[in-house]
Amino acid sequence: MSNEIWVVADLTIDGKVRKATFEGLSEARRKLAVKLGGQLCGVLLGSGVSGLASELGKYGAEKVYVIDNELLKDYTPEGYSIALSELIKKHEPHIVITGNTSIGQDYFPRVAARVGAGLTLDAIDLDLTDDKRLKVRRYMYSAKSIATVEFLDHKPMMTTIRPNVFKPEEASKNPEVINESIDIKPERILTKTVEVKRKESTRPELTEADRIVSGGRGMASGDNFYLIFDLADAIGAAAGASRAAVDSGFVPYEMQVGQTGKVVSPTLYIAIAISGSVQHYAGMGSSRVIVAINKDQDAPIFQKCDYGIVADLFQLVPALTEEFKKLLAQQ
Amino acid sequence: MKIVVIVRQTPDTEAKIKVASSGNSIDIEGIKWIVSPYDEFAIEEAIKIKEKLGTGEVILITMGPARCVEALRTGLAMGADSAIHIKDESFAFTDPYAIAKVIGQEIRGLGGFDLILTGKKMIDEETGQVGIHVAEDLGISHIAIVTKVELSSDKKKVTCQKEIEGGQVVAEVPLPALLTCEKGLNEPRYASLPGIMKAKKKPVKEVTPDNINVETLGLTKEALGQAGARFKVTKLEVPQVQRKLKVIKEAEVPEAAKELVKLLREEAKVI
Chain A
124 MSNEIWVVAD LTIDGKVRKA TFEGLSEARR KLAVKLGGQL CGVLLGSGVS
174 GLASELGKYG AEKVYVIDNE LLKDYTPEGY SIALSELIKK HEPHIVITGN
224 TSIGQDYFPR VAARVGAGLT LDAIDLDLTD DKRLKVRRYM YSAKSIATVE
274 FLDHKPMMTT IRPNVFKPEE ASKNPEVINE SIDIKPERIL TKTVEVKRKE
324 STRPELTEAD RIVSGGRGMA SGDNFYLIFD LADAIGAAAG ASRAAVDSGF
374 VPYEMQVGQT GKVVSPTLYI AIAISGSVQH YAGMGSSRVI VAINKDQDAP
424 IFQKCDYGIV ADLFQLVPAL TEEFKKLLAQ Q
Chain B
228 MKIVVIVRQT PDTEAKIKVA SSGNSIDIEG IKWIVSPYDE FAIEEAIKIK
278 EKLGTGEVIL ITMGPARCVE ALRTGLAMGA DSAIHIKDES FAFTDPYAIA
328 KVIGQEIRGL GGFDLILTGK KMIDEETGQV GIHVAEDLGI SHIAIVTKVE
378 LSSDKKKVTC QKEIEGGQVV AEVPLPALLT CEKGLNEPRY ASLPGIMKAK
428 KKPVKEVTPD NINVETLGLT KEALGQAGAR FKVTKLEVPQ VQRKLKVIKE
478 AEVPEAAKEL VKLLREEAKV I
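First to last, the sequence lines map onto chains A and B.
Going by my numbering, the first sequence opens with residue 124, and the numbers climb by one from there.
Going by my numbering, the second sequence opens with residue 228, and the numbers climb by one from there.
Note that these hints are calculated values from the structure, not bench results.
Keep in mind the model is a prediction, meaning the values are calculated, not measured.
Wrong hints could be hidden among the right ones.
Facing chain B, according to a computed beta carbon distance under 8 Å, are these residues of chain A, among others [stated by the list, open to error]:
{"hint": "1", "residue": "S177"}
{"hint": "2", "residue": "G241"}
{"hint": "3", "residue": "L242"}
{"hint": "4", "residue": "D245"}
{"hint": "5", "residue": "V272"}
{"hint": "6", "residue": "T316"}
{"hint": "7", "residue": "E377"}
{"hint": "8", "residue": "I413"}
All C-beta atoms, glycine included, are put in the ideal place defined by N, C-alpha and C.
Extracted from the complex, chain A is given alone in its bound form (with noise of 0.2 Å):
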């Protein structure tokens, strides 16, 4: 058993190392790897992927170990699954990590199953106990309560860390690299990629935008939404939908923020025309700031929020714009 902490990086379809990568290396060096007294590593898996490893070492990783196999060009939960066991149970790290999006959600279950590691999903904070073992907190029943979660004596310790709750921070390392090559069985990897197909998107991911700009029931069709969408892309914000706004077919399910949509934590969230459900907060509520406009001063958003306004969206929404507009210009 090491007292290694690996973080396993996140490839976007483009190949590009996913910011929750660098959030996780950052979080695990301030918060874990001192307390454990043990080496931080990065992991990249993939085909084609050596050349990343100095970016892992830009955000602190120590060692990077490379798995760079044509079976792991695109992504399938076996070749995942397969690469990663092994590399762990050969290496036996203390702690593994990676970030909560739908590919580490896919195959960390596996790997957990097949290393008998316990694993936790979508943390927000990270800790050692004074018996180094893994501690961390996680929403429990939508944002309404937060468990902290303790490990018991299974080695090692797995979770996936929520995007975009961690602060990215530089510590420059020159990484030592590891080429590790595992025997992947072509035969063993069943699902066979039919198609990947990019959005067209000048915007950012609502999992990990630092600005939304969501619209709710109230901006009455969808063809109203450009209101959000200059908005958003006047402070370079993802745009959001209310469930309210989806289910009325305003906008496609993929832009739903709330409980059976998207969990986001900005550092700015604009609520336009959402009254604030129980559900619709569950998705939004670790947000930084909230700001909500509503013609309703009723409505329960504004017992919820930071900075809010009681007008007509139809007119204040673009004045907003223009006035961001101006202010960024300024710079």
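Using the hints, position chain B against chain A.
Okay, now just chain B, sitting in the frame of chain A:
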């Protein structure tokens, strides 16, 4: 085609969460329980597949206290054929890995299956591990977070669409396989009155801890409750976020917009 649906009973999404006196779980007094919303998509999809093929069997399975039978009845009223309830009060604290092992054993006991469906996550513990653990345990493929499901005409493969960050993926796996369901896959039906009446007569098999052979699962008796879990909740809190609650009322639009931007710049420092 035999389709198994793994179901979880959770507090209603409207439920107000209070911490129990133990300090590490919720106070269940007065809680209204529902089928975890994502599991409803799974039940609906299973019934739709059976209807489309004109033949088949939909079996629900859950692990949890006595109250969970209500979730099974809901699914049976929607149109599932039978259910299995792995029942004990202590099962409320079983960890996902052990739940999956026990559910996996029951599924093996069905004498073959083609498809397992479940929700992308349980909305109480906020984890989607159980389904994927079951797939791993049974040695079958899975596709998670699917928004579209298509069976091949020879019923040997399933092709699914799933949302990922920045796009969509279409993936194909051989059957038997497990799929976890995302909102957008379908619109779950409401149980009809005749459906509810019929559900009362549909078989629900009960499995008690005595029926579970923990040794063959590589578990301990304790693993079925909190004592043997791989981690435990030591504290549960209701987050108290202090919001500023500065609401601008009755202001003219241009001034209100100016004021807000100023506050965001100078006070909140987020722009």
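A quick look at each hint next to the structure:
1. S177: 23 Å, violated
2. G241: 3 Å, holds
3. L242: Since the shortest Cβ distance to chain B is 6 Å, the answer is holds.
4. D245: Hint on D245(A): holds, closest Cβ of chain B at ~6 Å, below 8 Å.
5. V272: OK, holds: V272(A) within 8 Å of chain B, min 5 Å.
6. T316: Because about 6 Å separates T316(A) from the closest Cβ in chain B, which is inside the 8 Å limit, the hint holds.
7. E377: Holds, because the Cβ-Cβ distance from E377(A) to chain B comes to roughly 6 Å (cut-off 8 Å).
8. I413: 7 Å, holds
Hint compliance for this structure: hint 1 is the single one not met.
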